[in-house]
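Chemist: Spelled out from the first residue to the last, the chains are:
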Amino acid sequence: MREVAVVGVGMHPFGKFLDKSLSDLARVAVWNALQDASVPAKDIQLAYVGNSIGGLITGQEGIRAQTILGPSGFGGIPMVNVENACASASTAFRGVWLEIASGLYDVGLALGVEKMFLEDRARTISALISVSQIELSKLGMQFVGESAMRCRRYMRRYGGTKEDLALVAVKNSYNGSLNPYAFHRKPYSLEEVLNSPLIAEPLHLYMTSSIADGAAAAVLCAKDALSRYDAKRSISIAGCALKSGRFRLSDPLDTEVDSTITLTANIAYEQAGMEPKDIDVAEVHDAMSPIELISCEDLGFCKKGEGVRYLKEGRTKITGDIPVNVSGGLCARGHPVGATGIAQLAEIVWQLRGEAGPRQVAGAKVGMCEDSGGVLVDGDNAAFTNIILKK
Amino acid sequence: MEWRQGVGKAAEQKHQLVLPGIIHEATGPDDTSYLIGGKCEACGRVFFPKCFVCRICMNEGTMREVPLSKIGAIDTFTVVHVAPLGFKAPYVQAYVDLPEGPRVFSLITGCDPLGSDLREGAEVELVIGKIREDENGRDLIGYMFRPTGR
Numbered sequence: 001m002r003e004v005a006v007v008g009v010g011m012h013p014f015g016k017f018l019d020k021s022l023s024d025l026a027r028v029a030v031w032n033a034l035q036d037a038s039v040p041a042k043d044i045q046l047a048y049v050g051n052s053i054g055g056l057i058t059g060q061e062g063i064r065a066q067t068i069l070g071p072s073g074f075g076g077i078p079m080v081n082v083e084n085a086c087a088s089a090s091t092a093f094r095g096v097w098l099e100i101a102s103g104l105y106d107v108g109l110a111l112g113v114e115k116m117f118l119e120d121r122a123r124t125i126s127a128l129i130s131v132s133q134i135e136l137s138k139l140g141m142q143f144v145g146e147s148a149m150r151c152r153r154y155m156r157r158y159g160g161t162k163e164d165l166a167l168v169a170v171k172n173s174y175n176g177s178l179n180p181y182a183f184h185r186k187p188y189s190l191e192e193v194l195n196s197p198l199i200a201e202p203l204h205l206y207m208t209s210s211i212a213d214g215a216a217a218a219v220l221c222a223k224d225a226l227s228r229y230d231a232k233r234s235i236s237i238a239g240c241a242l243k244s245g246r247f248r249l250s251d252p253l254d255t256e257v258d259s260t261i262t263l264t265a266n267i268a269y270e271q272a273g274m275e276p277k278d279i280d281v282a283e284v285h286d287a288m289s290p291i292e293l294i295s296c297e298d299l300g301f302c303k304k305g306e307g308v309r310y311l312k313e314g315r316t317k318i319t320g321d322i323p324v325n326v327s328g329g330l331c332a333r334g335h336p337v338g339a340t341g342i343a344q345l346a347e348i349v350w351q352l353r354g355e356a357g358p359r360q361v362a363g364a365k366v367g368m369c370e371d372s373g374g375v376l377v378d379g380d381n382a383a384f385t386n387i388i389l390k391k
Numbered sequence: 001m002e003w004r005q006g007v008g009k010a011a012e013q014k015h016q017l018v019l020p021g022i023i024h025e026a027t028g029p030d031d032t033s034y035l036i037g038g039k040c041e042a043c044g045r046v047f048f049p050k051c052f053v054c055r056i057c058m059n060e061g062t063m064r065e066v067p068l069s070k071i072g073a074i075d076t077f078t079v080v081h082v083a084p085l086g087f088k089a090p091y092v093q094a095y096v097d098l099p100e101g102p103r104v105f106s107l108i109t110g111c112d113p114l115g116s117d118l119r120e121g122a123e124v125e126l127v128i129g130k131i132r133e134d135e136n137g138r139d140l141i142g143y144m145f146r147p148t149g150r
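So the sequence lines, in the order shown, correspond to chains E and R.
Okay, so the first sequence: first residue is 1 according to this note's numbering, each after it adds one.
Okay, so the second sequence: first residue is 1 according to this note's numbering, each after it adds one.
None of these hints come from the bench; they were simulated from the model.
None of these values were measured; they are calculated from a predicted model.
Note that beta-carbon positions come from the ideal geometry of N, C-alpha and C, so glycine has one too.
There is no bait here: all hints are sound.
List of simulated lysine-lysine pairs, DSS-like, C-alpha gap at most 25 Å:
no. : chain 1 : residue 1 : chain 2 : residue 2
1   : R       : Lys50     : E       : Lys138
2   : R       : Lys70     : R       : Lys130
3   : E       : Lys138    : R       : Lys130
4   : E       : Lys243    : R       : Lys50
5   : E       : Lys138    : R       : Lys70
6   : E       : Lys317    : E       : Lys304
7   : E       : Lys138    : R       : Lys88
8   : R       : Lys50     : R       : Lys70
9   : E       : Lys277    : E       : Lys243
10  : E       : Lys223    : E       : Lys391
Sample of chain R residues at the chain E side, in silico, Cβ under 8 Å:
no. : residue
11  : Val18
12  : Pro49
13  : Arg55
14  : Thr76
15  : Phe77
16  : Thr78
17  : Val79
18  : Val80
19  : Ala83
20  : Leu85
21  : Gln93
22  : Tyr95
23  : Gly142
Chain E regions said to be covered by chain R (calculated; three or more residues, Cβ under 8 Å):
no. : stretch
24  : 119-126
25  : 136-142
26  : 150-161
So here's chain E without its partners, still in its complex pose:
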């Protein structure tokens, strides 16, 4: 396997853009990434496009990669359509990484893009619900409620109050207020979070990610081909893992069974030759912000049951020892499902280069991105990725 680097990242800001199509959103992210990489578009040898619900939203099934990238000038190269719930973009990124690591290609493009705002809001909600296994959604499972029940299992085992859970949203909304690509840029107080509408006990509106339009892209290049470009700002891919949800003998929140987040991270740690203490900054998949506490434990940043204390001590703040979701995470940045994974990677690339402006983590050299999405009837998520980048 050859070593592979990220040479450029770019985004279309996340938000509400009723007049923009998937292709319009993608074009901005792709050309920002190419410009950032100083890589001519004609050098791109292949592209993977992550998107989750665009078929139900636009009616365009089967060939969204080709139809989204065509208007940006791309054709003739290998293109792969990737659909993998909230891990669609990170799975697309992994595909490009593998193609280059294998030696088949030198330079490739990974794109994540999602269009969620329509005049017809019900269509978006129906599309989102379809990302849970149909045995659950047809019986009335509401996905915020599913996370709410995970939070309740966590509180049953380890204690913690609703106020403790809300503090994650307070931290991340502040981080998001510093991010020009974030949808929601208002820092919330604890009172504002707890006074926002109740969605499913203990989760209030400001503790949940919002639907959004957006796109994020990354240009990847083999390290042995880097001399063609400006290699000084390149960031190495140290680990890149993908797993699917599985049947578990018991729930990791009730027992000592490893979660699939832990098993996926273990692969990435092993590939990178690293441990949790080596991570300087992390983007974790907080589709509902308190899930960040559980994920920090599962990723090994702190011990089981210590997530709340760790948060309250400020360890996950921008100035802490493992800052988590410095971008604002999914709740502040917005969660265009199939774009989120590469938005996380873009944030980590900016952090490791020292280009993150007011939310810069001092001296960050290694960063992690974790995604988990979809809900299976077994109670596990469906798709998991874990990617470690290093300076």
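We have chain E; now place chain R onto it with these hints.
Modeler: The following block gives chain R in isolation, referenced to the frame of chain E:
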């Protein structure tokens, strides 16, 4: 045009199951309704919904259908205040632990969603009934659980 006749027949029915293969509906007074599980004869583990290969052993030919208990206990629950299409908030959703092992997602009926009488560990019993109506106003039948008061 056999498939068209099939569609027509389904449309005439008063109700239909929200999902095929998960519920046995009582066929008469001597029969009872239950959830259909799958049991692995090799390792003894029970799955819901049933699967065709054991997800632990991964060998062929070890699975058989079994009826699941109608009494379980609430693992955990939440009150949903924003409902998906076709459902009406507030309602209670939960995971129910069945004695055979499966932890089953279910709506909870027969209790006040805004009342405080529901608790983790409470005993609940299976109810087969209308989950919601489809776009044509036809009843969609599924399963729910309701508190027994114990």
